[in-house]
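One line per chain: the protein sequences are A and B, in this order. If you read the first sequence in this note's numbering, its first letter stands for residue 216, the second for the next number, and so on. If you read the second sequence in this note's numbering, its first letter stands for residue 4, the second for the next number, and so on.
Calculated directly from the structure, the hints in this document are not laboratory data. Ideal placement from N, C-alpha and C gives every residue a C-beta, glycine not left out. It is possible that some hints are incorrect.
Stated by the list, open to error - To spell it out: a stretch of chain B is covered by chain A in this simulated footprint if at least three of its residues, at any positions, have a beta carbon under 8 Å from a beta carbon of chain A; those stretches are:
#1 345-351
#2 393-403
#3 635-649
Single-letter residue listing:
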Amino acid sequence: MKFLNFFAIATLFAFTISCTVDKTDFEAELNQDVTEYFEFEEAVSFNTNGYRISVEALNGTFFKGYNEIRLKIVNTQNNQLVSNSEITFLPIMTGLQDQTTSCPHRYNLIYNAEENYYSGYVVFTDESSSVNSWDVYIGFMSEGEQIFINQSVTVETQTNKNLNMTAFTGNDGETYFIALIAPQKPSVAENELVAGIYKYHQPTTPSGTFPDPSQFLYSEVNNYTLLLDPRMPEPSMGNHSSPNNVDLTQQLDGLYYGVVNYTMTGKWTLNFILLDKNGQIIKGTEVPTDFTPGLEGAKSELYIDILF
Amino acid sequence: MNRLTLLLLFTGVVGWTQNTPIQNDSTEVALDEVVLIAKTKKKIETEMKMAVSVDEFLASSDNISFIKRGAYAWEPLLNNMSTERSIITIDGMHVFGACTDKMDPITSYVESNNLASIEIKSGQEGGMQGSTVAGSINLKRKNTSFTNYKDWKGAYQSGFEFNNKQFFNLGNISYSSEKFVTEGSFSYRKAENYSDGNNDKVNHSQFRKFNSSLGLTYKTSDLSSLRVDAIFDQANDVGYPALPMDLWLSRALITSVAYKQLFEEGLVRVWDSKIYFNTIEHYMDDTTRPENLVHMDMPGWSTTYGLVSKINLKKDNYSSEIQLNAYNNLSIAEMRMYPQDRSERTMFAYSWPWVTTRYAGVSINNSFEVTEKTQLNFGGSLGLNYNHSKYVDFNWIFHPGVPQEKTRFLPSLYAGYTIDVNKFNFSVGSGYGHRAPSVSEGYGYYIYNSFDRYDYIGNPDLKNEISYEINASAGFKNEKISFQVKANYFHIQNYIIGRILSMGSPMNYQSVGVKGYTSLDYATLFNFSLNAKYDILEHLHWNGTLTYARGKDNKEGNLPFIRPLSYQTLLQYHYKDFGFQTSVNGDFEQIDYSPEYGEDKTPSYTVWNLSADYTFYLENFSTTFQVGAENLLNEYYSTYADWGNIPRMGRNIFTSIKFNF
Ligand SMILES: [Cu+2]
């Protein structure tokens, strides 16, 4: 009798202790649609004139959008890393009818003495496809001789929507680019939002021998402000927004930093208004704050969609 | 003390047996020495109805009112204060609901046939179980006494309520011997939608509840015993007509092991310790509401383990009770919204981001008989309350940088003096106490409140709510007439309530905005009740109750859910084995309502009830049959505390039969 009772309790206990519905694994939830890239790996390498040039990118892949790159040059004769050289980097896309364009990039790479690489970035504006192909043109000095080489590279689709980019023509007629850099893996939290903002400069001189860098001039825009208004576009969310967001302003590294709060996982639209240094609107419109359940959220003229 | 008294004392608070429903008096002689001023409701039935739910039973108490979201799991308000401000325990065990929408007050996890009594203490006197403002409600489990011979006892109760086709079966059985007691109960209730006073069905008001309990007590020595106890409760397919969601499944397992030691001599008389564990899972369901724009999953879990240990001291005219409470609770609630295009990513957030609450406190309750006619009660407690939010990022969205952990000291003090003068009795008392914010108030995240239609955000940095309380009562009693007037007044500093936030936007599509829990400078609450009894004839009894309450915030605005002037009057007549009862109860118009918190003016209503019962022997079973009607005139009404003004039940004819063996 007593044993039976205890047995009954024990069974009941085991039965109930295991929940009917499993709790959500929050980490897994955040990883669901997000691939995070931590490691710089070789994306492409090639040999020329007794040098081996290797370009590293996160995950060893070039993606559409912002890519930080690390370039290393090894003298294959003595296996020594070439340090403190002047290295130029120019990405070129060949499209329909052999039209060539470039994208925001750092032309003169910066030497990092500590780790012996040359640092730069490139914001690929398109994936490689049957129509578009990308080449990188690298120039450096070897024993007083300027060497130019080019190498075709593959640009993959960025599956992580938190690293999306947009290109647009501003109210001033200029072409601008905004590329998201961080967070790679947002959370339901305050997230530091980092973006690069770039501008294309129309060539002022006639084209020299291809590839003439003066025809492919891009720069970071300085002292602009990127006003931020995140919303959930999903109709059932009725234009839901979040509090305590901070507009993006430029920091010393040239990038733009702000804070975005995501109140839940899912699809978000980062609505922007880009202001130049004088506070003039370059692009973007105010989004109404009305709560509109059932309707797809209104978007600014200038926005980037993310998903996590 | 002789052996028998000790035995009775030993076996607990109530020597409950079925064929003599109130055996309390015999045991209380002994128990009065150790149990102090407990205003205990003695039997789980009301004058009108013998087969009641726990809620219906609680409703018969003066200082309890209810927020009702349907026919099931009413939220008890003690002294017109919501459950955050009171402490609800089961045999001293802390249990916390797993629903962010308050679908599951603790009272929904027990059943009338596994309880012996419900102990309600008002204000700081209720501080024995932990920190409180409003008081405490302790649901006491049945506890069968040891017997010198082997004894089987049991009861079986069944009934049908016509309005919502509620069919219920309640059974309990106990076996007792000199060394060992085992008792168990089961119950099953199933109800369909009820109809209101216009004979319209109130959709989504059905419920199904299964409850069972098991207790084993073993006498480890002449003066000590060990008890293992478990309650299992499961509710399925419960509708909440006032809410935008229903309940698919809710389950609770409430377990404990208790050791009790008595002492024949000396200052310490009883030492009673218990360790406990309980776990609740709660899954809401909105698939029953196709009109909802968004499909959501909202599961919740609450797991608590703890310790209660108390000793009773007695020396001459002084007695004292010292209690140690410690518990750890983890509350988790999730919400997952499904986009209209189901192939797209779902949206996820925690409405309780894994919030841990740890509490440890010591309470003391002293009673000193100054003279035979006067008594001084005083006591207090000191508690340490610790909170931790695992996913504190959620809290940081509205409160950037608040600490992930928070520790609070919760002191309380009270004193009361009672005096008997001839047939009159008087009492005055005063109290002071802190309480910590609840999980929702501190850490809740976009919890939709369908009453005022706001999403609520908790604030981890809320100050302790501090209550200053005075109370007084006066009564008179002679052979035929008795009356009792009671009043209390609370001044509550840092009163926690939701206020519209200027930032953020609603997450739930029905919502109109976001409210954050904030502290008002203060709020005040006044409760008054008048209770009178008159034995008109030997078998004809009358009693009546009048209650009034008023709650105001610091700007003289009204607080929500304050009961308007209300009354109840009851006439009882016994003739041989027959009993007849009739009662009228109602509220006056709610004048002092609070539009700011979503209230509108609620008109007055009156409800008339009638019942008759007959007790007889069927074979050897003492059997009682009862038939009656609630809301006989089929009045269409809803009360001030009916969530979303859902109408109450119309005319309900009920029948029940009970066998004791
Ligand atoms: Cu619920």
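How the hints compare with the structure:
Counting residues of the segment 345-351 of chain B whose C-beta sits closer than 8 Å to any C-beta of chain A gives 5, which meets the bar of three, so the coverage hint holds. Residues of the segment 393-403 of chain B with a Cβ under 8 Å from some Cβ of chain A number 7, which satisfies the need for three, so the listed coverage holds. Coverage of a stretch by a chain is defined here by at least three residues with a beta carbon nearer than 8 Å to that chain's beta carbons; for the segment 635-649 of chain B and chain A the count is 0, and the condition is violated.
When the structure is compared with the earlier hints, a violation turns up for hint 3 alone.
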